[in-house]
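Engineer: Chains R and A are the protein sequences, given in the same order.
If you read the first sequence in the working numbering, its first letter stands for residue 25, the second for the next number, and so on.
If you read the second sequence in the working numbering, its first letter stands for residue 18, the second for the next number, and so on.
Hints listed in this document are in silico derivations from the structure and should not be mistaken for laboratory results.
The beta-carbon is built from N, C-alpha and C at its ideal position, and this holds for glycine as well.
Take the hints with a grain of salt, since some may be wrong.
[What the hints assert, rightly or not] As a list, the in silico BS3-like pairs of lysine-lysine whose alpha-carbon atoms are at most 27 Å apart:
(1) R/K27 / A/K69
(2) R/K27 / R/K126
(3) A/K34 / A/K61
(4) R/K27 / A/K61
(5) R/K126 / R/K94
(6) A/K61 / R/K94
(7) R/K97 / A/K34
(8) R/K126 / R/K97
(9) R/K27 / R/K94
(10) A/K69 / R/K97
(11) A/K34 / R/K126
(12) R/K97 / R/K27
(13) R/K126 / A/K69
(14) R/K27 / A/K34
[Claimed, not checked] Partner residues are not named here, just some residues of chain R that face chain A (Cβ under 8 Å, in silico):
(15) Y74
(16) S131
(17) G132
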Amino acid sequence: AQKITQTQPGMFVQEKEAVTLDCTYDTSDPSYGLFWYKQPSSGEMIFLIYQGSYDQQNATEGRYSLNFQKARKSANLVISASQLGDSAMYFCAMSRMDSSYKLIFGSGTRLLVRP
Amino acid sequence: DAMVIQNPRYQVTQFGKPVTLSCSQTLNHNVMYWYQQKSSQAPKLLFHYYDKDFNNEADTPDNFQSRRPNTSFCFLDIRSPGLGDAAMYLCATSRGSGALDTEAFFGQGTRLTVV
Numbered sequence: 025a026q027k028i029t030q031t032q033p034g035m036f037v038q039e040k041e042a043v044t045l046d047c048t049y050d051t052s053d054p055s056y057g058l059f060w061y062k063q064p065s066s067g068e069m070i071f072l073i074y075q076g077s078y079d080q081q082n083a084t085e086g087r088y089s090l091n092f093q094k095a096r097k098s099a100n101l102v103i104s105a106s107q108l109g110d111s112a113m114y115f116c117a118m119s120r121m122d123s124s125y126k127l128i129f130g131s132g133t134r135l136l137v138r139p
Numbered sequence: 018d019a020m021v022i023q024n025p026r027y028q029v030t031q032f033g034k035p036v037t038l039s040c041s042q043t044l045n046h047n048v049m050y051w052y053q054q055k056s057s058q059a060p061k062l063l064f065h066y067y068d069k070d071f072n073n074e075a076d077t078p079d080n081f082q083s084r085r086p087n088t089s090f091c092f093l094d095i096r097s098p099g100l101g102d103a104a105m106y107l108c109a110t111s112r113g114s115g116a117l118d119t120e121a122f123f124g125q126g127t128r129l130t131v132v
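All chains should be built: construct the whole structure from the sequences, respecting the hints.
Structural biologist: In structure tokens, the structure reads:
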């Protein structure tokens with residue numbers, strides 16, 4: 025069975041500093057995808073970054089990077105140079121890559137960026 | 018340019034009165050998901066379709082049903098809404114055609130209130 029764990033219910037970061045949001049996962053599938061989504065107070069889910077289980081390099085998208093440590097089953101999100109607009113809920117998610125394409129989410133981390 | 022459209026954005030229904038939420042997509046994606054999200058919680062997968070193949074989660078109550086009459090549309094039926102069913106309902110799609118192609122695109126959600 026798949027499982028995603030986010031152990032930080034809330035985080036604070038000072039504007040312009042970097043922050044790491046933790047995510048660990050558990051799966052017996054050899055092929056899977058890992059995602060991070062941002063959910064502002066408006067409720068929309070915004071895709072941030074993706075890492076495939078066979079990808080050799082860590083994914084990066086602008087100020088977002090994913091620190092993928094496959095042996096430890098962790099996929100932490102690093103946000104560099106935090107901005108006030110980064111304040112939101114952040115969800116780590118995992119998708120199976122078999123015929124089911126099931127996508128499940130972790131419990132989320134609420135990030136607050138302080139000016 | 019909206020690619021996944023949920024209607025209505027807000028729905029108020031009476032306790033026990035059947036209600037249907039709708040989702041449409043212009044992406045021609047194979048997979049469509051329905052999630053229930055309660056306040057400050059993670060999205061909980063209710064069920065998903067790969068094309069016409071229906072995948073129900075084991076803990077989804079029988080009160081929740083779904084229909085996918087064609088590729089573009091998917092419906093969530095709540096047969097007898099209870100107060101505990103008040104939540105945001107999120108529809109998402111993914112291409113479901115390859116290992117690197119599993120990013121999910123979300124609609125803006127329908128916030129259901131049960132009175």
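Engineer: Take the hints in turn and mark each one as holding or not.
Structural biologist: Here is how each hint holds up against the structure:
1. As the CA atoms of R/K27 and A/K69 are separated by approximately 26 Å, the hinted pair is consistent with the 27 Å bound.
2. A distance of roughly 12 Å separates the Cα atoms of R/K27 and R/K126; the hinted pair therefore holds under the 27 Å criterion.
3. Between the alpha carbons of A/K34 and A/K61 the distance comes to roughly 23 Å, so the proposed pair stays at or under 27 Å and holds.
4. Between R/K27 and A/K61 the alpha-carbon distance is near 12 Å, which keeps this suggested pair within the 27 Å criterion.
5. With a CA separation close to 20 Å, the supplied pair R/K126 and R/K94 stays within the 27 Å bound.
6. Between A/K61 and R/K94, the direct Cα distance comes to roughly 25 Å. Compliance with the 27 Å bound is thereby established for this hinted pair.
7. Straight-line distance between C-alpha atoms of R/K97 and A/K34 comes to about 44 Å, which puts the hinted pair past the 27 Å bound.
8. Among the hinted pairs, R/K126 with R/K97 is consistent with the structure: their alpha-carbon atoms are about 18 Å apart, no more than 27 Å.
9. Between R/K27 and R/K94 the CA atoms are separated by roughly 15 Å; this keeps the pair inside 27 Å, and the hint holds.
10. Taking the CA atoms of A/K69 and R/K97, the gap is near 33 Å; set against the 27 Å cutoff, the hint is violated.
11. A distance of roughly 30 Å separates the Cα atoms of A/K34 and R/K126; the hinted pair therefore is violated under the 27 Å criterion.
12. As the CA atoms of R/K97 and R/K27 are separated by approximately 11 Å, the hinted pair is consistent with the 27 Å bound.
13. Distance restraint check for R/K126 and A/K69: the Cα-Cα separation of roughly 15 Å lies within the 27 Å cut-off, and the hinted pair is therefore satisfied.
14. Simply put, R/K27 and A/K34 have alpha-carbon atoms about 34 Å apart, too far for the 27 Å limit, and the pair is violated.
15. Because the smallest distance between the Cβ of R/Y74 and any Cβ of chain A comes to about 6 Å, under 8 Å, the interface hint for this residue holds.
16. Satisfaction of the interface hint for R/S131 is found here, the shortest Cβ-Cβ separation to chain A being roughly 5 Å, below the 8 Å cut-off.
17. Given the 8 Å rule on beta carbons, the hint for R/G132 holds: about 5 Å separates it from the nearest Cβ of chain A.
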